[in-house]
Amino acid sequence: MADQPLLTADDVHLSFGETRALQGASLHVYGGEVLALMGPSGSGKSTLLHCLAGILTPESGSIRYGDRDMATMSDSDRSTLRRGEFGFVFQFGQLVPELTCQENVALPLRLAGAGRREAHRQAASWLDRLEVPDVAAKRPGQVSGGQGQRVAVARALVTRPKVIFADEPTGALDSLNGELVMKLFIAAAKETGAAVVLVTHEPRVAAYSDREAVVRDGRVREQEPAR
Amino acid sequence: MSVSFALLGLLESGPRHGYDLKRSYDEAFGRDRALHYGQVYSTMARLLKNGLVEVESEPGDGPDRKRYAITDAGITDVAEWISRPEQPEPYLQSTLYTKVVLALMTGRDATEVLDTQRAEHLRLMRALTKRKNDGDLADELICDHALFHLEADLRWLELTAARLDRLAAQVRP
Amino acid sequence: MIRGPRRWLFELGLGARMSVAGGRAGWFRLGLIAIGVGLGVAVLLGAATVPAAIAASNARTDARAIDNFDEDVVKGDDTLLVSRTGTTFGDYAFSGEMLQAEGSRPPLPPGVTRFPGPGEMVVSPELDRLMREPGNALLRERWDAEVIGVIGDEGLSGPAELFFYLGTDTLSAEDGDPRIEGFGDATIEQDVVPIFVLLTLVGMVVLLIPVMVFMASAVRFGDQSRDRRLAALRLVGADAAMTRRIAAGETLAGAVVGLLIGGLLWVGEILLANRYGTGALSFYLSDLRPVPLLVAVIVVGVPVVAVLVTLSAMRRVVVEPLGVTRMSVTVRRRLWWRLILPLVGLGLLWPLYQGIDGRSDYEAQVVAGMAFLLVGISLLLPWLVEAVVRRLGGGSPAWELAVRRLQFDSGTAVRSVSGIAVSVAGVLAMQGIVTGIESLYNGSGSASAVRYGMEILPGTDLPERTWTAALDSTPGVLEYQTVRMVRAGDDATLRIGSCPVLQQFARLGECRDGDVFALDGAAPGATYTLGESGSSWTSPATTRVVDSKSDVPASGATVLVTPSAISGVAVKPDNTYFYVALDPGAPQAVEHLRNTAVGLDLQAYVFSYANSTVRDALAGMRDALLVGSIALLFLIGASMIVNVAEQLRERRKVLAVLVAFGTRRRTLSGSVLYQVAIPVALGMILAVSVGTLLATILMVAVDAPLTVDWFGIGTTSAIAAIVVLGTTAAGLPALWRLTRPGNLRSE
Ligand SMILES: Nc1ncnc2c1ncn2[C@@H]1O[C@H](COP(=O)(O)OP(=O)(O)O)[C@@H](O)[C@H]1O
Ligand SMILES: [Mg+2]
Chain G
130 MADQPLLTAD DVHLSFGETR ALQGASLHVY GGEVLALMGP SGSGKSTLLH CLAGILTPES
190 GSIRYGDRDM ATMSDSDRST LRRGEFGFVF QFGQLVPELT CQENVALPLR LAGAGRREAH
250 RQAASWLDRL EVPDVAAKRP GQVSGGQGQR VAVARALVTR PKVIFADEPT GALDSLNGEL
310 VMKLFIAAAK ETGAAVVLVT HEPRVAAYSD REAVVRDGRV REQEPAR
Chain S
93 MSVSFALLGL LESGPRHGYD LKRSYDEAFG RDRALHYGQV YSTMARLLKN GLVEVESEPG
153 DGPDRKRYAI TDAGITDVAE WISRPEQPEP YLQSTLYTKV VLALMTGRDA TEVLDTQRAE
213 HLRLMRALTK RKNDGDLADE LICDHALFHL EADLRWLELT AARLDRLAAQ VRP
Chain U
244 MIRGPRRWLF ELGLGARMSV AGGRAGWFRL GLIAIGVGLG VAVLLGAATV PAAIAASNAR
304 TDARAIDNFD EDVVKGDDTL LVSRTGTTFG DYAFSGEMLQ AEGSRPPLPP GVTRFPGPGE
364 MVVSPELDRL MREPGNALLR ERWDAEVIGV IGDEGLSGPA ELFFYLGTDT LSAEDGDPRI
424 EGFGDATIEQ DVVPIFVLLT LVGMVVLLIP VMVFMASAVR FGDQSRDRRL AALRLVGADA
484 AMTRRIAAGE TLAGAVVGLL IGGLLWVGEI LLANRYGTGA LSFYLSDLRP VPLLVAVIVV
544 GVPVVAVLVT LSAMRRVVVE PLGVTRMSVT VRRRLWWRLI LPLVGLGLLW PLYQGIDGRS
604 DYEAQVVAGM AFLLVGISLL LPWLVEAVVR RLGGGSPAWE LAVRRLQFDS GTAVRSVSGI
664 AVSVAGVLAM QGIVTGIESL YNGSGSASAV RYGMEILPGT DLPERTWTAA LDSTPGVLEY
724 QTVRMVRAGD DATLRIGSCP VLQQFARLGE CRDGDVFALD GAAPGATYTL GESGSSWTSP
784 ATTRVVDSKS DVPASGATVL VTPSAISGVA VKPDNTYFYV ALDPGAPQAV EHLRNTAVGL
844 DLQAYVFSYA NSTVRDALAG MRDALLVGSI ALLFLIGASM IVNVAEQLRE RRKVLAVLVA
904 FGTRRRTLSG SVLYQVAIPV ALGMILAVSV GTLLATILMV AVDAPLTVDW FGIGTTSAIA
964 AIVVLGTTAA GLPALWRLTR PGNLRSE
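Protein sequences appear in the order of chains G, S and U. Just so we're on the same page, our numbering is the position in the first sequence counted from 1, plus 129. Just so we're on the same page, our numbering is the position in the second sequence counted from 1, plus 92. Just so we're on the same page, our numbering is the position in the third sequence counted from 1, plus 243.
One chain only, chain G, in its complex shape:
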């Protein structure tokens, strides 16, 4: 594991009106590791994830990606960063319903400017890798929840991002499907060397992580990286 963290949150504060979602959260994400963010619901896990991904801007504190400070980046720079270096998996309802699964997977590549043909070829190989080649031509409405999440994982991985943010990726699945998704997800992430920030409240999902951090009342108790 690299010594320098890839992504660092330092004393981050963020409120939604009265609700103080984050009150001094600090966290380090190292390259290639799988970090589980645990904690009770409403503790600020998702908010922290969004801050780390540059979707939300903290009120105070800093988020650094490598040697860049996200707070000073423009919205379009952060979008570019997310397009190129980050991937996302959410709980459900994240696939564009009118695109086929293959097109959904190809979408991030297309957004980054890749040609249609090449994007679709890579999308197909990722669907293969996640063992759902037969849903390629189907729309999200026509596949099961587990298949849909695997498509979502494929979509997150297709750009070979440095960090994948997964917010309760198995939250809407039964345990068998959840395990399958996690197994394929983490294996693929390890293979590409992507770090994974995994928000979950399910211990068996968290067991796929290398390390965990607990969010409580907007603060993080982070486990030291092993060794």
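There could be a bad hint or two in this list.
Derived list of chain G stretches under chain S, where covered just means 3 residues or more per stretch with a C-beta under 8 Å from a C-beta of chain S [as the list claims (entries may be wrong)]: (1) 192 to 206; (2) 322 to 334.
Heads up, incomplete: computed chain U residues facing chain G, CB under 7 Å, no partners named [what the hints assert, rightly or not]: (3) Ala481; (4) Arg648; (5) Phe651; (6) Gly654; (7) Ser791; (8) Val897; (9) Val900; (10) Phe904; (11) Gly905; (12) Pro984.
Calculated cross-link-like contacts (lysine-lysine; reagent style BS3-like; alpha-carbon spacing at most 27 Å) [to be verified]: (13) S:Lys141 <-> S:Lys158; (14) G:Lys267 <-> G:Lys312; (15) S:Lys222 <-> G:Lys319; (16) U:Lys896 <-> G:Lys267; (17) S:Lys222 <-> G:Lys312.
The hints are simulated quantities; they were obtained by calculation from the structure and are not laboratory data. Nothing here was measured: the structure is a model prediction, and the numbers come from that model. Beta carbons are placed, not taken as given, at the ideal position from N, Cα and C, and that holds for glycine.
Assemble the complex: chain G is given as a structure, and chains S and U with the ligands must be docked to it using the hints.
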């Protein structure tokens, strides 16, 4: 094992008679298994021998007259025990519960206790998950069994963590 | 448990309550439905009012009519000599009757209490007002008569009519002026030009059909959210009939409020019509009562149709509640039945290709044909969009997102657009025919300036010298020419005049005194018997055949003759016309000329080349139609904004995820733009094709030259583009709002 630490921990709030100790213990931990009086004395005798408690005798005699007090070594021992994660195993709750309550009673960080335990559980779960994913179906089934139990523990840890405030109010009137 | 009708009422009420249960969005949607229905109802009520108003107005003009007179009526104490007269002043046209009592008890026209003697007149209130206006001295001088009274309401077609009765002593039965015993003998049908009947009917169809299409789409505003609500009800156990009744309740709420709004708008309409109506569209308030039967049809029909439209649109929810919640794919649209209506329409219109001359029963057919074709557009469009979109391939991600979205569900988008398509097709058809008729009335020649802008056609046989003397002393007259018309046999006319004025009738090229020109079928060397004089004249072999420049279609062969060419022959002209050039710097010159003409001869007709009433009427019609359609287009634009906003709201999670992935805003807004633009573009293509086809058929029917209405196509396309851009722009704030990270939370 945990009984002796529990009794020791109870002494941290002040010296007590053997009978008081039994009552306190039963109140805090002995929901379904009250402590035998004899067990208190045998445990105290062992702790005394190990130098973890000392006896302050009051005037008069008879076993009832003995008041036990915790020694510095005893306090260190309790602290060490509370902060040491338990080996994750099924039916751990009673020990963990004892630790959490003791931590609350003695003003130690109960969240820390839970977090440490969670880390320990997760460590084992990671190992089991890895073994499961690398192994054959038999491995998978066996590991899953263990994982489900550990998960139950962990869920209990989560819930307890969420209710620490209420629990604290109860054990520290 | 409640049963039967009460239960139904409960369910209808539940639907009505649900329609506003969505908070602001629910009210907004109900409001839009109500406004959409209301606008439609207002137009329909207006259409139902027009026939009644015209009938009331016609009844009054019939009561004063003198169309039918009996040659056997003998002069008596109670007889009158009458003659129709009229003039224009500025932009106003007046008509009137000259009255000459033959005894002491002349009949009084309706609304007149005192018979005007010579030098007296009775005028309509509006004409009275005009005559009193300080700037209108020339109008007051025109008849040189004293106004002794005002015509009452019962003697006028409407409050704004410009009408008068002028007392006179110049009429004589021997000269053919009619003698009557009373008013109200109307048997001669109003001489309506078939083209105008056609235009009016077509105009109605063109305006009403898009309104109805719009209403049909209005009741489906925002029906996706309703579908979801109903599907949810269905999933928890509502049966199909119950679901339908709840949906019907929702729609009924909107339709009923719409009826009320429509009623209010209609009151506004008639107040405006009463206040601002002019000419043939001027009515008394008491005239403006809609035909009761039509009102009943509207009041009952609109809610019923609204409910039927809703129910037919609900098949999917009822049959496939899961499909709605899971957004599965719809069935493909079929073409064949959508073709029936337009084909029937074409079939009905086809006979018109032979022209409508000599036919009297074509109106119903034309109207039905047009209606079928226009409604057919709204049926064909969904199929067309689906078929085209299915074949559209990849492109930029924005394009692909939009195309996929349309492939997935084009129905919502198309419904709004079909209103646009139908009205554009209608406008083009209408504009096409108007342009065609315009060019018919507006021959190429008169586009260039005419030397003699005014033409006087005398109505009595005054000596030529009387006229020339009067013209010489009329201020503002630069020069004038005399043209003598001589009828030669049944179907030929000689026009004798100098070169400059003959130039006005045809492209003569070089012209010297002594030249002769033939046009409209006349041939060199033909011999003509000249009118009553009986002498004959043969056109010389040097006669040149030339092209007519006349605005008015010719009525037989015409020979243009310069005076020297016929000097040897005794000519007694049937008519002598005067062609007058006025000083362009003297703005009142026209009115002075009219005063001169009226002073000499009340029945003289003064024609101005500069001011063609037909052309003005047509242009007015076209403008009105264009304005109506533009208003409709913007209305439809508003409904499209609602659809876009609703669709975005429904997809907020996906949008937020796309933004998380780093999707540029440009990509998202581009996809919204394409999503609106593709159906509109297809709708415009269909509309332009059908509209132009219709225009062609109609132009052929009225024998107008074929033209393509590029102006109309340009205007409507530009407006369509504006609607697309406006809709997209209006949807962007919603897009930005909905792509905030808050929407990433899983609820
Ligand atoms: N967009 C938002 N608007 C208002 N409150 C929010 C918003 N997002 C999160 N919150 C609040 O912030 C707190 C943390 O939320 P979140 O990060 O989603 O928690 P978690 O993911 O750990 O369940 C919660 O109290 C939640 O209600
Ligand atoms: Mg969350």
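Results for each hint:
no. : hint                  : result
1   : 192 to 206            : violated (count 0)
2   : 322 to 334            : holds (count 4)
3   : Ala481                : violated, 23 Å
4   : Arg648                : holds, 5 Å
5   : Phe651                : holds, 3 Å
6   : Gly654                : violated, 13 Å
7   : Ser791                : violated, 63 Å
8   : Val897                : holds, 5 Å
9   : Val900                : holds, 4 Å
10  : Phe904                : holds, 6 Å
11  : Gly905                : holds, 3 Å
12  : Pro984                : holds, 4 Å
13  : S:Lys141 <-> S:Lys158 : holds, 15 Å
14  : G:Lys267 <-> G:Lys312 : holds, 23 Å
15  : S:Lys222 <-> G:Lys319 : holds, 13 Å
16  : U:Lys896 <-> G:Lys267 : holds, 20 Å
17  : S:Lys222 <-> G:Lys312 : holds, 10 Å
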